[in-house]
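Protein sequence lines, in the order shown, are assigned to chains A and B.
The first sequence begins at 30 in the working numbering and counts up by one.
The second sequence begins at 4 in the working numbering and counts up by one.
Hints are computed from structural coordinates only; laboratory data are not their basis.
Mixed in with the good hints there might be a few duds.
[To be verified] For lysine-lysine, the following PhoX-like pairs were computed, each having C-alpha atoms within a straight-line distance of at most 25 Å:
#: 1; chain 1: B; residue 1: Lys119; chain 2: B; residue 2: Lys230
#: 2; chain 1: B; residue 1: Lys230; chain 2: B; residue 2: Lys191
#: 3; chain 1: A; residue 1: Lys425; chain 2: B; residue 2: Lys12
#: 4; chain 1: B; residue 1: Lys134; chain 2: B; residue 2: Lys80
#: 5; chain 1: B; residue 1: Lys134; chain 2: B; residue 2: Lys36
#: 6; chain 1: B; residue 1: Lys32; chain 2: A; residue 2: Lys76
#: 7; chain 1: B; residue 1: Lys119; chain 2: B; residue 2: Lys82
#: 8; chain 1: B; residue 1: Lys36; chain 2: B; residue 2: Lys85
#: 9; chain 1: B; residue 1: Lys36; chain 2: A; residue 2: Lys76
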Amino acid sequence: MHWVMTVNRWWLAHRTVQQLYAALRQLQTLLYGAAGLATVNLTIFAKHGFLNQIFSLSTTIPFLKLLAPFIAQLSFLLNLAVLLGFTGLFTARLVRPQFRVPACSSAIVALVLLRFTEPVMLDVDVLQLPRFLNLEGQVLPSFGGAIILGLITSWLFNRWGRYATALLLGEVGLVFGGTILWVLLVPDWSRGDLYGALWPILGRHAPLWIVVCVMVNCFLNLIGMTGTIGAGNYNGGSVAVHQNLSYALTTHHLTRVPWPINLHAIATTYANTGGPGMLLATVLAVWLLTRHQAQSPARASWWPALFNVGAPLTLTLPIMLNPIMVVPFVTSSVVACLIPIGLTSVRWLPPSVYPVPATTPGFLRGFLATNGNLVALFVGCLTVVVAVAIYWPFVKLAVQQLEDKNEHDETMG
Amino acid sequence: MSMMKRWAKWTGSVAVVICLATFGAVWQKRQVKTLRHEVPSTIAPVFLVPGSSAGQNRFDPLIRRLNRGRQPHSVLKVKVGKNDHLTYTGRIRKGDRHPFIVVAFSNNRDGYANIKQQARWFSIAFRALMKLYHFNHFSAVGHSNGGIVLTLFLERYLPAHVTAERLLTIASPYNLERRTAKKTQMLKDLIRERKQLPTTLKVYSIAGTQNYSGDGTVPFMSVDSGKYVFQNQVASYTEIVVTGVATNHHQLPQNRQIINLINQYVLHENISDTVKRQNKLLPRIK
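Pulled out of the complex, with its shape left as it was, chain B reads as follows (with noise of 0.2 Å):
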């Protein structure tokens, strides 16, 4: 009886320290994750989205003239199959806290139907970056369609723990190429999902003007329309509008204003502390 009641004993104090150290173990990892999501992540990509009938290329003068006279950013180019598969094309350089990253699609086609499908396909290449680099906050600019495909992938796909930062649209139309107020059945779905958009985020959204109405492709109306979608929800929403030379739509994401805008806004970079305090990046001196 002595020697079952100490056997028993003996059984009670491992089985009392396995259980210890178990759920000890599970909920330090528990605990680990959740530190992990709350820290910012040293690495916060720049992605980077075409419109419809572009490919991964679409942003090589950007990127090289964003580039220029500075440690350039490393680029890594992501291309998104029919069939949900990624392939990959350049690198990311360890230690480039702010890479760019394209993602493109094989069907990039127009329409609200593609464009739904390339916020999905968008969200498989985004977890799988996630997964492969661990960073947890992000900033995007998205040209045309690409806009939109943020924009819908911000609110249906997000994950709860990361940190979208900024979101600049080129010339993205909201309302598709309608020149009425009269909303598409993609602006009204924007709309009705727009409480899902993150409090948080900074939003530009720049329209080329080629002529009073818009940019030769994509009117001015409808780039306009976004404020339906983003104002009063996110943290702040600024329409800006590009005129000039090379405002046509396919040539702004290579106008010298929008790409000063994108290292203004996006990059944080070359920007006097003045001009940072005007747009409320620094605070104001008391």
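In isolation and in its complexed conformation, chain A is listed as follows (with noise of 0.2 Å):
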């Protein structure tokens, strides 16, 4: 653990990533707020959430169908808030004072360009925009985009700050036209999903690409950078779902289908539990050393991880960029695909096939998608036991991490 210790201490010593830490405690409250109600919304008011879809919700409450689209946009609306206000306040914390209004202006107005301008483009229906843009429950994807953009806006700012409207109009400009550059060009199948777009090809390897796909995901969630660059959709698109699907609806079992082990079979059921890098095991880890304490990071963050919305612990302990986080985020995600890979190939484990909503807790994944297999229950809490076991050494150390920043922050206060 020395050369983790002394790779964080290396990296906390930059400046700037004392005001992205900084920044993000600031939001602290309304990043919990806005998880919490991107939940809600999410697993009960959503058509297709989990709670409304067991309980019938839509069907047994009354007036739930004419709240949804409120409480859809209201979500969006506080989701919408946390981004920008950290664009805002991370570009403040980086730039002269002199500077600080039109440098966030610039940093806030390129941030909307960036995130609106693609769905704009694409006809996306206005109502599913919150759900395009991936700002009900993960506000995490646009956090990379706005580390970046505050980064050269600020550089941008503190050099020719005098020539502030021009830089205003130039990075707006360019960030617009970039992104129209970037729809036009770039075809629309290998933005979210390479692994869909090569699975033909990338068919008879499938358990090393899984592996490696999880693998590159999980390291564009550490960055912040998901969303429109993805090495795999985990929704469950592909051909080899469909045809999955297809198979065990004629036939009605699951023992032969055409492709046991692909992408959503895998990663999405056992290697999603909370969130990508298995999130709900941080949660537990987080708990169960913290539970002592008034306020544990884990208190706000077990009911979003529950339903696999995983952004309050990754922005708050924090997980994302944080160097002590990168080896248990993506080891536990690979071992939780090479446990179901492994049964699954010696047929101790039914495929996952039958579609389940996006917020079934994760360790309910694998036995609701084999419709009610004991032993799809047994892997999925399994999966979550060992990613705690490999989860519990770091989060030892990023809560002793967090844990004196606190007290320094009220010595310093």
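Dock chain to chain to rebuild the complex, using the hints, since each chain is given by itself in its own frame.
Here is the structure:
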């Protein structure tokens, strides 16, 4: 662990990193509120929400359907406020005081253009915007963009702050033009789902490529860059998923589905518990380590993480851009893939074929996607236990680091 | 107190997880069942129902001719006893998408009361076969009263999630042996319950005419009465009159033209694309 601490100390010595964490801490309360509301919206009010589906809430609770669009919009706006607030705060912390207003405005406008140009150009339905922008639950994807924009904007304004108007127009124009070029030049199929696009070629080496894809996605999550670029689509829209489902529905059994090992059946089902990186395991580990404290970071995160909305802990522990968490984040996901791959190969575990809502608790996904197989339930729980064990020593360090920081802040305050 | 609180928390968490798992499993079973009903099964059998006085071997010559010159469709024969007991002969070959299933009855006598009973027996056999072979769509051919049995089944006993695709009746007397326009009780009942017929069903009613009035047993007017049952209710209703050799009522299932019609309309085999387009089995070329 010594080398992890060395890397971490070197990392934390940077002023930019300190400002980044400080900006995130400032937004903590708003972030918890946004993630909580997003979880309520995604599980209860959303048409395909897990709780909505299993308890038939749409039909049993009056006015739920009527309220759903308002809750969705509120959740969208609150999450957007977190993102824009972070962009503004982070930029403001890095730029000289006299350039704060134009620099923050420039970064916020550029971020709005970065996130909204693509759906507007692709003619996405307005009601689908929150889902498309991935802002309902996971505010994480845009944070990478926000950090980069904050860094570039502050650097530009610190250097050429006297040309504030020209810089603002230039940055906004460049981001707008760049996004348009991105949409026009980069094919739609390659943006969010490289694995799906390359699946016909990769099909035969599925286990290897699933692990590679999960590792790439984990790294992208760790630097806050997911959504627009992605190694694999975890939503299960691939050919393998459709062929498996069609086979299972027509033959009424899962034993000989054409693609028992595919990204959806393995990674989405078993390695996405609590969100990418097995975040439910992180929440459990943090909770077990800090349960005696009055302000446990896990307290506000367990409910979102149970339904795979992992944003709060990712940003407040933090996990994103934290060298301590790189190893367990990637390792736990890879191990959570290897266990079901091995068991499926020897036919002890039936493949996960049937669709389940995105907010289904991770450890129940396999159980429900196999239509009630108990081995799948056991494997779902086992992956969480193994992930907690992997996270344990690293979370211990991260929690210690957080406590030290809080103590330092209190002393300074 | 603290210990109690901790136990309560743990028990509560476990109860929540068990509740989510149980309700989730129940919901998923329901979802999968619905999905299975929506996705067409790979197997879509063709039911053959003989007329009164005929047994389960009634269609043997027809099946032999239908299977000639191609990979033969497998044949399963089911006889329904008076005590609802099912006796199976033959088997469905694995991979056969359109096997023939002949359903015959121990009580195969004529008369409306018997026909009603036969429709109920057919539904018993149908449900048993559905459980066994997991199909959710099918076509059917009925000769003489067999066609009436199938029509009654479609009106009264067709399970909600099952799609009846095509029904071909051969000389089926919808108004029994009556040669006038006056409706029998059976026809009145069939007309009264016609709204229960599936709107996506395609119906082909074949009448044999050995002479100007009928096929020697069933009057043409009686076959023609089917229009009161099907017209403006099902997706399409086509009446076909077959004349020439082998148009006697008992010879009709072996009639070459009728075999071609079964091939064309029920099995969708050995038909040119032009004919398929004419019969709206393929979209028109624009």
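These are the hints, each one checked on the structure:
no., hint, in the structure
1, B:Lys119 <-> B:Lys230, "20 Å, holds"
2, B:Lys230 <-> B:Lys191, "13 Å, holds"
3, A:Lys425 <-> B:Lys12, "24 Å, holds"
4, B:Lys134 <-> B:Lys80, "16 Å, holds"
5, B:Lys134 <-> B:Lys36, "13 Å, holds"
6, B:Lys32 <-> A:Lys76, "19 Å, holds"
7, B:Lys119 <-> B:Lys82, "16 Å, holds"
8, B:Lys36 <-> B:Lys85, "32 Å, violated"
9, B:Lys36 <-> A:Lys76, "20 Å, holds"
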